[in-house]
Amino acid sequence: MAIANNPDKESCRINAADKAHYREKLHDVVNKILDSCKGAECGVHVDFEPLPSKQAIIQIIGNLREILFPGYFSEEKIDPVNLKYTMGRSISLTYDMLADQICKSIRHDCFRYEQPCSHCEEKANETAFALMESLPAIRDVLAADIEASFEGDPAAKSYDEIVFSYPGVLAVAVYRIAHRLYELDIPLIPRIMAEYAHGATGIDIHPGAEIGKRFVIDHGTGVVIGETAVIGENVRIYQGVTLGALSLPKGAGERLRGRRRHPAIEDDVIIYAGATILGGDTVIGRGSVVGGNVWITESVPPHTRVMMEPPKLVYRT
Amino acid sequence: MAIANNPDKESCRINAADKAHYREKLHDVVNKILDSCKGAECGVHVDFEPLPSKQAIIQIIGNLREILFPGYFSEEKIDPVNLKYTMGRSISLTYDMLADQICKSIRHDCFRYEQPCSHCEEKANETAFALMESLPAIRDVLAADIEASFEGDPAAKSYDEIVFSYPGVLAVAVYRIAHRLYELDIPLIPRIMAEYAHGATGIDIHPGAEIGKRFVIDHGTGVVIGETAVIGENVRIYQGVTLGALSLPKGAGERLRGRRRHPAIEDDVIIYAGATILGGDTVIGRGSVVGGNVWITESVPPHTRVMMEPPKLVYRT
Amino acid sequence: MAIANNPDKESCRINAADKAHYREKLHDVVNKILDSCKGAECGVHVDFEPLPSKQAIIQIIGNLREILFPGYFSEEKIDPVNLKYTMGRSISLTYDMLADQICKSIRHDCFRYEQPCSHCEEKANETAFALMESLPAIRDVLAADIEASFEGDPAAKSYDEIVFSYPGVLAVAVYRIAHRLYELDIPLIPRIMAEYAHGATGIDIHPGAEIGKRFVIDHGTGVVIGETAVIGENVRIYQGVTLGALSLPKGAGERLRGRRRHPAIEDDVIIYAGATILGGDTVIGRGSVVGGNVWITESVPPHTRVMMEPPKLVYRT
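Residue numbers (the working numbering), protein chains in the order written: chain A, 30 to 346; chain B, 30 to 346; chain C, 30 to 346.
I should point out that these hints are in silico values taken from the structure, not numbers from a laboratory.
Predicted, not measured: the structure shown is a model, and the values here were computed from it.
A hint or two may mislead.
Chain copies aren't distinguished; within one or between two, either way the pair holds.
[To be verified] Keeping only pairs whose Cα atoms sit at most 30 Å apart, straight-line, the calculated DSBU-like set for lysine-lysine is:
| # | residue 1 | residue 2 |
| --- | --- | --- |
| 1 | Lys152 | Lys61 |
| 2 | Lys48 | Lys341 |
| 3 | Lys341 | Lys83 |
| 4 | Lys83 | Lys242 |
| 5 | Lys113 | Lys152 |
| 6 | Lys186 | Lys54 |
| 7 | Lys242 | Lys186 |
| 8 | Lys106 | Lys83 |
| 9 | Lys113 | Lys83 |
Make the full structure from the sequences, and use the hints.
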């Protein structure tokens, strides 16, 4: 007998008639919500094919992590004997799950936007396989990312610690998978993957960005990398860094859809915490270092240090 | 047989007497913790009515999201036939859950702060119903928020993507629900809701803030909007923006409780990533644009651009 | 019968032969991944002792929270009668779980780095007990932290609200536990705990940092506190504050491992949102106030205010 539902004092209880009265009036609420749904331009998703399942996509990411980093994320001990079986089973299972979700997302888009729908199951299997086929290459790039992460971080005790617990590694791994699906022109799923990583790590990388190998994000909370950003090799960025778009005049959203709006970062650049770099024409030249909390909307030549003026000191009276 | 518990080498094992010795000494730890509880001014919550359940409140948020955005967050396909039944069932269920949690939070506060407790169940049903009755209006405002989100974001592929996966939309939807409960003077629950959204999205909006329609938060990680902030219509803010309070002299916490401490943002303002705007007398005038990473503690006239000086460039020797 | 798997149009279906063809080719993917694993320097964890379980460690944190803040995080009502039993059971259970996970992490490190492994179960029980024994002292410090949090925050309605829902309190509580395990020289687990708190709150405190009592983190998203940072008593920091390391020349990661790289913050300092303070020789003197969004790489004398120049205002033409 939960106390809150059975207050010990008589005066605390609601009488049955009052309760019934409120419940009765819920009909009005239901009807008003239903009415508001009828004419709605947005916020309603009735009578369409089901969206892909977030839960299934998160599970797919979990499986792919275990495939890409064997032995790190499974509860069982992986040894050379069971590795092949575990891997084979996991790859085959994940392929089926992925094909299923891709099929849902393609069909959803066809019906939603009244495009002709055909061969969606075939296209889903084809692209799911294309992703699986890319895994060895993604693995190589991630190994380079992790190596770069270890080399530059004196707080890292071991590779294991980095793979097992660094949020930057999770976010970049999810990005590399989501980016491949984005290249394959799959709707919705790349973005759902990106938002999963964003929620888990605070790192928001749009799946459309192009990012070279040996990429390191340290700490990472608040990092934003826009859809058309291009990042070279051996780049290191810290928490709170934004590679974003410049101010948009009204209605520009529609016009700029699909055009270059985010900066290019060349090889061997370091960008410190809280720096904001904006604009599709902005290029940070090779080997440059961008200091923390700066705000840049123009290009920077190679091998340049960009920093804020030292702050003013005020001595208290 | 887990390996770690049954090390294969004899030298790895703890002998039974040593283990028993440590376990025996746990009695002391228990007693010391219990002793430290007795005199504690805070950190102890013994012999009070149970607090509301976070898990139940998160479930209520999930239900309300499905009610406000029908078809987006349910696993079943929603069509015009089952919509009415699904919606009716969900609204009635959610109303009961909410009344239950509100009752817990009111009773908790009464007993905790030794106020007279009466009619708590009645008040809980009344306010739970008041929230349900506000849902159609909240739906309309959220539809306007989503429309504004789409218009200004060239990376958005569709309304569906925005509703289904943008963290800003989740945070603002939870804020609009929590704010209504805050207006209805419900303790604890609005803050628990806000912290749920904060944890999921990195966006921290105090339920007390007043925010107009067509409000957009893009990316959002690190955004903080204080209790007494007032935001007009058609405002867009980016990740890392703080609308906060100015430095507090010692003991000011108590004195300022309930007074205006956070800025006002008028209609049609854009605030870029990492900007910090502080103080209860600070007003950002209509149509202004606040550049990234600035730090503002004074008012800004309408139609003004506020920006940092361009950073110093240093060429490496 | 899920629609997506059984498209209603014949043209949507994949034929059985095509499906079989893709599945057949998965063998190649498996083999390529397995080949890439063989020579790998990193990203592979095959044939080693299992890593500690993240899930178990998160559960241990949950138990410790309930032990440190009795009555706040349990579904049951805690009263003076059942408190002792609940506490005793929880402490004994948590001790066993912790000893188990510590044993795993020690054994893992021994086998991974080819160190001799002996007495790992004994060491695990000894250090698990040492942590349990520290709980009363940790409790006292946390009570002081919460008191300071309440005093300085006019938006806080009660101690309960702070303990129950403030992310800063969660992050600091987890840090104080993880720091004790770090002092006890336990591998992996302190970092896993820290990353759990980081994921939940956006606050990233390295377990190696030294932090005095009455420490408050308000809002907190994006806060980073490095491994060798030292923070005095009665310090308050806001969201997006970084206490980090200075730029590292190539290869410095290895050389600097274990040396002082992060700043010292003396007693009674306030650091506002988005400030970045870097370097192992940087000391922020007692009683100073660091304004938002500043970037500091040199020491600041006691009782100093450090602020950015006011930003440039541009009036639109």
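Structure-based check of all given hints:
1. Lys152 / Lys61: between (41 Å within a copy, 24 Å between copies)
2. Lys48 / Lys341: neither (63 Å within a copy, 59 Å between copies)
3. Lys341 / Lys83: Neither, since 49 Å and 45 Å both go past 30 Å.
4. Lys83 / Lys242: both (28 Å within a copy, 28 Å between copies)
5. Lys113 / Lys152: within (28 Å within a copy, 35 Å between copies)
6. Lys186 / Lys54: Classified as neither; 62 Å inside a copy, 33 Å across copies.
7. Lys242 / Lys186: both (22 Å within a copy, 28 Å between copies)
8. Lys106 / Lys83: both (29 Å within a copy, 15 Å between copies)
9. Lys113 / Lys83: both (29 Å within a copy, 25 Å between copies)
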